[in-house]
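With the hints as your guide, set chain H onto chain X.
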Amino acid sequence: MNQAYWARNPQGPFATLIAVAATYCHPEVYNDAYPELIERARSAAPEDGQIRVFREELREALADPSRLPNDELSKAVQYDDGSNEAFLRRLWRDLYGDQP
Amino acid sequence: MAEIRNGPEEPDRENRPEPTPSDDTGAARELVEPRSRVDYAVDLERRVALLSFEPRRAGLPEVGINDGQAYLDKHHVERPWLSVARDSPPEVQRVFAALDQGGGHAHIRHEGSVTEELNERRVRNLEDPAQLDPAKRVAGIDGLTAGDVPHRCGDIASRIVDPKAFATAFARGVEHPDVRAALESNGPRPEPVILPISRVLGDDGHKFCSGWQLEPVNGSMEEARAIRRAWKAGNQNAPEPRTRPVETFEGGTVTFAFRRSTVGTYEVSSMYVNPADEQPT
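If you're matching them up, the sequences are chains X and H in order.
Position one of the first sequence corresponds to residue 797 (the numbering used here), numbered consecutively onward.
Position one of the second sequence corresponds to residue 413 (the numbering used here), numbered consecutively onward.
There could be a bad hint or two in this list.
Stated by the list, open to error - Derived lysine-lysine pairs resembling DSSO-like cross-links, with alpha carbons at most 30 Å apart: (1) X:K871 to H:K644; (2) X:K871 to H:K548; (3) H:K486 to X:K871.
What the hints assert, rightly or not - Computed spacing ranges between beta-carbons, pair by pair: (4) H:V675 to X:A859: 40 to 46 Å; (5) H:P546 to X:G893: 27 to 33 Å; (6) H:R447 to X:D890: 48 to 54 Å; (7) X:G808 to H:S495: 53 to 59 Å; (8) X:E881 to H:Q648: 21 to 27 Å; (9) H:E457 to X:G893: 36 to 42 Å; (10) H:R447 to X:E835: 36 to 42 Å.
Hints in this document: simulated from the structure, not taken from any laboratory.
For each residue, glycine too, the CB sits at the ideal point set by N, CA and C.
Isolated chain X, as found in the complex:
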């Protein structure tokens, strides 16, 4: 069984945000995958439901990072921004720029 947070808790808090961030932002794949996420987010097709949910959850997490489950985002992504909030801020800026 897949032991990833989002696989064990598909309805859990911020499961899509953490899954997408782990898929594209983990150091093991970052150099190859992060530009792909930027492209996907900026040109998201209306039927790309996952990226729509991802954006909503990213917005919610930025509004209140304390709602993120324990260390799940940090463990799944292993960013070097210093904190969940710093990572999420950078992510939003890179993907959506000045969009509200």
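Just chain H, lined up with the frame of chain X:
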């Protein structure tokens, strides 16, 4: 005791046949087959997985069972990570040859050709074992990305130290239903799949794993990672990054990450092991 020895069940010593000298003595058998039945069954299962491995099913170019050695012999000088598999059985060499013609880096950064020192330096100082230019490696330049792009590393740098075990983990992993679903998907890049090490290497699979981990700073791994990046950028006001060896991978996991394949839908971008305490809770 004398009664037993002289009883009707005791063969007449004088009439016993003389043992015929043979190499097939107990000592010789022990050297050839030291495995228990359980160990033998595990080994057999691993070998079957390797023999039945089909590169195409893993999104890799097809490589024949006898074609791996020629590829390794031809490319191992300029691609030194192939050297570790040159003395391996053909079914192991095929896995390495197929992986090396794909776009993933599992066999380059997470296998036995990466020494303990290279692994430690990777997690402490962001030096990429795949970077073959020593100056660029020390400078933290990624060895597999075009341009002078900084190399990245998570909390742990790990490897499967034995080429046969590595190839087995890969061959068995790509047949796991969750990994198959990812490999065969045709949408956006699939999420990573995290499986128990025992699922791909058996109950003693953790014994083939080794790694180094970043030490937390003030109890925080986030802070440790940020300080490591700052050090690499020249800001050395914070404490120097420190590492420690992973004590055990028992109960640990193996992660399969994916990328678009040139010959199929998706392939494994990376396969790496983590100790148990790194699993999501």
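*30 Å limit on alpha-carbon distance, applied to hinted pair K486 (chain H) and K871 (chain X)*: violated (40 Å)
*When you take the CB atoms of E457 (chain H) and G893 (chain X), is the distance between them in 36 to 42 Å?*
violated (52 Å)
*Distance restraint hint 27 to 33 Å, applied to the beta-carbon atoms of P546 (chain H) and G893 (chain X)*: Taking Cβ atoms as reference, P546 (chain H) and G893 (chain X) lie about 39 Å apart, which means the hint is violated.
*With respect to the beta-carbon atoms only, verify the hint that E881 (chain X) and Q648 (chain H) lie 21 to 27 Å apart.*
holds (25 Å)
*Mind checking the hinted window 36 to 42 Å against the Cβ distance between R447 (chain H) and E835 (chain X)?*
violated (51 Å)
*Proposed proximity, K548 (chain H) with K871 (chain X) (alpha carbon, max 30 Å)*: Holds - the C-alpha atoms of K548 (chain H) and K871 (chain X) are around 28 Å apart, at most 30 Å.
*Mind checking the alpha carbons of K871 (chain X) and K644 (chain H) for me, to see if they're no more than 30 Å apart?*
Given that 30 Å is the threshold and the Cα spacing comes to 21 Å, the pair holds.
*State, for the Cβ atoms of R447 (chain H) and D890 (chain X), whether the hinted interval 48 to 54 Å holds or is violated.*
Distance hint for R447 (chain H), D890 (chain X) holds at roughly 53 Å.
*Evaluate the given range 40 to 46 Å for the C-beta pair formed by V675 (chain H) and A859 (chain X).*
holds (44 Å)
*Starting from the hint 53 to 59 Å, judge whether the C-beta atoms of G808 (chain X) and S495 (chain H) obey it.*
Since the Cβ atoms of G808 (chain X) and S495 (chain H) sit about 44 Å apart, the hinted range of 53 to 59 Å is violated.
Going down the numbered hints, you'll see the structure goes against 3, 5, 7, 9 and 10, while the others check out.
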